[in-house]
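Asks: Residue numbers (the working numbering), protein chains in the order written: chain A, 8 to 257; chain Z, 14 to 224.
Derived by calculation from the structure, the hints in this document are not laboratory data. Note that the coordinates shown come from a computational prediction; the quantities given were computed from them, not determined experimentally. A virtual CB, placed ideally from N, CA and C, is assigned to each residue, including glycine. A few of these clues could be false.
[What the hints assert, rightly or not] Derived DSS-like pairs: lysine-lysine, alpha-carbon spacing no greater than 30 Å straight-line:
1) A:LYS79 with Z:LYS147
2) Z:LYS65 with Z:LYS54
3) Z:LYS54 with A:LYS78
4) Z:LYS129 with Z:LYS80
5) A:LYS78 with Z:LYS21
6) A:LYS79 with A:LYS140
7) Z:LYS216 with A:LYS45
8) Z:LYS189 with Z:LYS65
9) Z:LYS189 with A:LYS223
[As the list claims (entries may be wrong)] Over 10 Å on every C-beta distance to chain Z, these chain A residues come out as not near it, computed from the model:
10) ARG12
11) GLY22
12) SER129
13) GLN130
14) GLY153
15) GLU163
16) ARG257
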Amino acid sequence: MLCKRIIPCLDVDKGRVVKGTNFVDIKDAGDPIELAHKYYQEGADEICFLDITASSEARKATYEVIEATAKKIFIPLTVGGGVSSVDDAARLLQAGADKVAVNSSAIKNPDLISQIANSFGSQCAVVAIDVKKNPDNSWQVYVKGGREATGIDAIEWIKRAYDLGAGEILLTSMDRDGTKTGYDLEINSLAAKLVPIPIIASGGAGSLQDIVDAFKVGVDAALLASLLHYQITSIKEIKDAMRANLIETR
Amino acid sequence: MITVIDYKTGGNLFSVCNSLEAIGADIVISSNPEQIEQAEKIIFPGVGSFEKAMQEIKSLGLDHAIKKSIARKTKFLGICVGMQVLFECGHEGTISKGLEIIPGQIEKFDEKICPKIPHMGWNTVKGNASPLFKDISPEEHFYFVHSFAAKVPNELENINKKFPKSNIYSTEYFEKFISHFWDGENLFACQFHPEKSGEAGLKLLKNFINL
Numbered sequence: 008m009l010c011k012r013i014i015p016c017l018d019v020d021k022g023r024v025v026k027g028t029n030f031v032d033i034k035d036a037g038d039p040i041e042l043a044h045k046y047y048q049e050g051a052d053e054i055c056f057l058d059i060t061a062s063s064e065a066r067k068a069t070y071e072v073i074e075a076t077a078k079k080i081f082i083p084l085t086v087g088g089g090v091s092s093v094d095d096a097a098r099l100l101q102a103g104a105d106k107v108a109v110n111s112s113a114i115k116n117p118d119l120i121s122q123i124a125n126s127f128g129s130q131c132a133v134v135a136i137d138v139k140k141n142p143d144n145s146w147q148v149y150v151k152g153g154r155e156a157t158g159i160d161a162i163e164w165i166k167r168a169y170d171l172g173a174g175e176i177l178l179t180s181m182d183r184d185g186t187k188t189g190y191d192l193e194i195n196s197l198a199a200k201l202v203p204i205p206i207i208a209s210g211g212a213g214s215l216q217d218i219v220d221a222f223k224v225g226v227d228a229a230l231l232a233s234l235l236h237y238q239i240t241s242i243k244e245i246k247d248a249m250r251a252n253l254i255e256t257r
Numbered sequence: 014m015i016t017v018i019d020y021k022t023g024g025n026l027f028s029v030c031n032s033l034e035a036i037g038a039d040i041v042i043s044s045n046p047e048q049i050e051q052a053e054k055i056i057f058p059g060v061g062s063f064e065k066a067m068q069e070i071k072s073l074g075l076d077h078a079i080k081k082s083i084a085r086k087t088k089f090l091g092i093c094v095g096m097q098v099l100f101e102c103g104h105e106g107t108i109s110k111g112l113e114i115i116p117g118q119i120e121k122f123d124e125k126i127c128p129k130i131p132h133m134g135w136n137t138v139k140g141n142a143s144p145l146f147k148d149i150s151p152e153e154h155f156y157f158v159h160s161f162a163a164k165v166p167n168e169l170e171n172i173n174k175k176f177p178k179s180n181i182y183s184t185e186y187f188e189k190f191i192s193h194f195w196d197g198e199n200l201f202a203c204q205f206h207p208e209k210s211g212e213a214g215l216k217l218l219k220n221f222i223n224l
């Protein structure tokens, strides 16, 4: 049977790992190549780099990090952040990424999703969506690292992303990101039933039970940052908890 | 020396080379038919569509080179689409002919049965006796990403007729499909990506280079 995946996520700024709370208050959390390799050895199923480097000149550091990482870890590598064209995607794939995540640029130019899917296959096209709950219990899509509301309904956007050829949805709850209060199970459960592509839950994991709960509502993968970076738990403990709850894992 | 076939579809060529370098293999990347015909050992990687892969293979004149090298018992490992095109026919895009070495069709997972397509992630591979799985636990998982597959039991009889010594490993993703093929001699194929399957995948590649 197909396993549920555990994906450590490294936010990378100018070649260093950082992690913030609610998308601000950025702290240094280490060397991305070393950290990716450590998670690889501990049994990570995939690694995700989100490049949050603001200036495009400083991006060279990101390509170097990807190249070095791809020579040391032999599991899939997803890279996102600042991807605004097929050329950007091609550069990341050439550097050694297996999948490319698009976020803000896809909102501005939804065709980017189909262009990437058509050029490299749907399996390469991850659409990252940052959402916040509205007072009326719907969810709104935010861009620019969570600073800008778009007025777009998250459910509509997930459907559209799938129609355009997205191979996977990386769904981040900004309300929960970095808070360790658990994934937003409501939107993750809706999303998992909505589209026939994998959903990666992101934002809010604070305990082993939170991760188990996300899998129980039907997501395919769980993205983890603070829990692992600050050694609150380990991949081994997470997988033991999954096994104890009869969730397929490797 | 391992010759890795480059048929210009980009794909996972670099990942395959990275993993081969990590296990200390000597590699040469080639899209030259003569070089491939004379190669000592061949790895044939691939991602992308069946149809596009076949077009590129033919336009580079690699179809005959691949068939000849397999016929002269060169150790050969096809990966993902590099496995699929060894079959007779693919249903991705328009129906297109493959290299017609292994009997069978490459068909899409049935959307009525499979809730999510592609089959993407880690799964087990069940079978026995292929030398590529030497010293690998049957509980190990391998990384898959594909929407099309050679389904079991279609054509098993024909495969056994053509390759009486063949050995088939299968994987379940709502449907059962061939995840590893060994003809009993020199031809190996994997639907999964050993180059992305962690230490178990590296072990499998090592078993191939040590054949």
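Asks: Are the Cα atoms of LYS79 of chain A and LYS147 of chain Z separated by 30 Å or less?
Replies: Holds: LYS79 of chain A and LYS147 of chain Z sit about 24 Å apart, inside 30 Å.
Asks: Would you check the hint for LYS216 of chain Z and LYS45 of chain A, treating anything up to 30 Å between C-alpha atoms as holding?
Replies: It holds: about 19 Å lies between the C-alpha atoms, which stays within 30 Å.
Asks: Would the least Cβ to Cβ distance between SER129 of chain A and chain Z come out above 10 Å?
Replies: Not fine: 7 Å to the nearest Cβ puts SER129 of chain A too close to chain Z.
Asks: Is LYS189 of chain Z close enough to LYS223 of chain A, meaning Cα to Cα at most 30 Å?
Replies: Holds - the C-alpha atoms of LYS223 of chain A and LYS189 of chain Z are around 25 Å apart, at most 30 Å.
Asks: Mind verifying the non-interface call on GLY22 of chain A? Its CB should be farther than 10 Å from each CB in chain Z.
Replies: At about 20 Å from chain Z, GLY22 of chain A clears the 10 Å cut-off, so the statement holds.
Asks: So is GLN130 of chain A really clear of chain Z, every C-beta pair being over 10 Å apart?
Replies: 5 Å, violated
Asks: Would the hint linking LYS65 of chain Z and LYS54 of chain Z be met if the CA-CA limit is 30 Å?
Replies: Status holds; Cα separation ~24 Å.
Asks: Taking the closest pair, is the beta carbon of GLY153 of chain A still more than 10 Å from chain Z?
Replies: 27 Å, holds
Asks: Does LYS80 of chain Z sit within 30 Å of LYS129 of chain Z, going by the straight-line distance between their CA atoms?
Replies: Between LYS129 of chain Z and LYS80 of chain Z the Cα gap is close to 35 Å, so the pair fails against 30 Å, i.e. violated.
Asks: Below or equal to 30 Å on CA atoms is what counts here, so check LYS54 of chain Z against LYS78 of chain A.
Replies: OK: LYS54 of chain Z and LYS78 of chain A at ~22 Å, within 30 Å.
Asks: Does GLU163 of chain A really sit off the interface, with its C-beta more than 10 Å from all C-beta atoms of chain Z?
Replies: 20 Å, holds
Asks: Say whether it holds or is violated: ARG257 of chain A keeps its Cβ farther than 10 Å from all Cβ of chain Z.
Replies: ARG257 of chain A is in fact no farther than 10 Å from some Cβ atom of chain Z, at 4 Å.
Hint check: violations occur at hints 4, 6, 10, 12, 13 and 16; the rest are consistent with the structure.
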